[in-house]
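Trainee: Sequence:
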Amino acid sequence: MNRTTVAMLAALEALITVAIGIGISLVPLTILWAVEAGFSLDWTLFWQGAVDIWLLSNGVDLSVTLPAEVVAATGLAAASDPFPVTIAPLVLTGFTVIMGARAGIRAAATRYWQTAVLSGLVTVLVLNALAAFSAQGELLRPSLPQALLLPLLVYGFGLAIGVVRGMHRIPVGREGAAGRFLAGIQDRLDERFDRTDRAVAAAALRGGVAAVTGIVGVSAVLFAVLILANFGVVTSLYQGSQLGGIGGAATTLAQLAFIPNLVLWAASWLVGPGFALGAGSAISPVNTVVGPVPGLPILGAIPSGDFAFGFVGLLVPVLIGFFAASLVRPRLVAALAGRPLVARLLIAAAGIGLVAGVILGLLAWFSGGAIGPGRLAVVGPNPVLVGAFCAIEVAIAAAIGMASGNTRREAAPAASPLRTAERVR
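When the letters of the sequence shown are read in order and numbered with my numbering, they come out as residues 34 to 458.
Wrong hints could be hidden among the right ones.
For each label pair, taking beta carbons as the anchor points, the in silico distance ranges come out as [said to hold, decoys possible]: (1) L395 <-> V68: 36 to 42 Å; (2) S113 <-> L286: 25 to 31 Å; (3) P336 <-> A282: 24 to 30 Å; (4) A282 <-> I433: 44 to 50 Å; (5) D230 <-> L261: 46 to 52 Å; (6) A262 <-> T37: 53 to 59 Å; (7) A312 <-> L186: 27 to 33 Å; (8) T229 <-> L182: 37 to 43 Å; (9) A257 <-> F344: 18 to 24 Å; (10) G56 <-> I425: 41 to 47 Å; (11) A234 <-> L182: 27 to 33 Å; (12) Q147 <-> L261: 46 to 52 Å.
Don't read these hints as lab results, they were simulated from the structure. The beta carbon of each residue, even a glycine, is placed where N, CA and C say it ideally should be.
All chains, full assembly: derive it from the sequences and hints.
Mentor: Now the structure itself:
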């Protein structure tokens with residue numbers, strides 16, 4: 034393909050990403066407009082709502098101004114002033130990253146991958162700018178500077194992942210732009226770091242990612258168990274809301290968009306700091322203080338009392354850190370042949386904890402935010418505490434895992450004369 038075709042295809046992929054991202058919210062909102070409102074309301078309000086949800090998933094803050102009658106009905110004095118909504122529905126965020134990664138993989142397979150990346154980024158910038166300008170209303174106003182920058186970063190992050198992954202599928206050589214790019218990176222790494230340093234860094238990265246994956250996986254299972262255990266409470270909240278069929282379906286879709294957020298809150302609970310559902314509240318393994326919370330049915334899965342054996346949850350990151358270190362240890366020991374072993378194993382264990390803490394801290398940061406006025410401006414985990422607790426717990430467990438194996442290096446088995454003869458033939 035020539036450069037123009039590559040650029041057009043990359044722009045088309047970016048267009049599809051933005052269109053689907055907005056359409057996921059726009060379709061149910063349009064059905065709600067047609068069935069519940071009977072076409073009586075201005076449809077542009079629902080378009081603005083869909084765009085606001087899309088921008089919110091990309092990290093853009095919304096400024097909300099409630100009508101006077103709504104403020105009077107809620108009885109909240111803080112609701113009379115404009116307030117920010119900053120929590121992102123991570124399902125849509127993940128969709129954007131995945132679509133960007135798919136586009137990046139396809140871009141890396143062409144000679145003009147730089148052109149494809151630039152075309153995709155420019156398309157995302159233009160489309161989100163137009164959408165943000167169209168979504169400026171009296172009640173909801175997305176931040177225009179953030180709308181120009183943050184969706185670009187989210188999609189660009191996915192593109193970067195895809196390009197790197199796509200280039201790893203290409204044999205390192207000097208032919209083609211991708212091959213020269215990979216070869217240049219490999220040469221710089223070889224000059225700056227020796228084989229031992231690269232092995233330790235790779236073990237820390239793999240172990241840290243494995244630890245976070247394990248913690249999040251266990252958290253997803255825990256959250257599913259909580260939903261099943263408190264299904265009666267969730268059902269009663271649905272019945273008490275009297276949303277009707279269409280309204281209930283729209284509420285369910287909205288809650289599904291925040292399932293990854295809730296799973297990450299469960300991960301912060303397992304790590305130790307827990308999370309908040311408003312200023313002054315705390316939900317952790319050792320202490321649970323829950324004040325008034327929004328009447329979302331999914332929040333009925335969160336127990337309101339203390340856990341008699343909540344501290345047992347702290348064993349999860351410790352055990353996962355131990356097993357993550359055990360998984361990467363054999364390959365690291367083999368790569369450190371002839372080098373001092375103990376110090377580098379401990380460095381790798383500390384690196385595993387650091388990587389796990391940084392990743393889980395960032396995920397905790399992305400999962401929280403403000404969902405309303407007053408005390409609802411503080412919802413979700415404290416990312417600094419989550420990252421620090423995770424780093425310490427995983428690092429200590431990884432050090433034990435690194436020290437638990439055999440430190441003696443086995444000599445390579447001698448080659449069989451018959452096999453040697455076969456290779457000669």
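Trainee: Against each hint, give a clear statement of whether it holds in the structure.
Mentor: We went through each hint and held it up to the structure:
| no. | hint | result |
| --- | --- | --- |
| 1 | L395 <-> V68: 36 to 42 Å | 40 Å, holds |
| 2 | S113 <-> L286: 25 to 31 Å | 30 Å, holds |
| 3 | P336 <-> A282: 24 to 30 Å | 27 Å, holds |
| 4 | A282 <-> I433: 44 to 50 Å | 49 Å, holds |
| 5 | D230 <-> L261: 46 to 52 Å | 47 Å, holds |
| 6 | A262 <-> T37: 53 to 59 Å | 57 Å, holds |
| 7 | A312 <-> L186: 27 to 33 Å | 29 Å, holds |
| 8 | T229 <-> L182: 37 to 43 Å | 40 Å, holds |
| 9 | A257 <-> F344: 18 to 24 Å | 22 Å, holds |
| 10 | G56 <-> I425: 41 to 47 Å | 43 Å, holds |
| 11 | A234 <-> L182: 27 to 33 Å | 31 Å, holds |
| 12 | Q147 <-> L261: 46 to 52 Å | 49 Å, holds |
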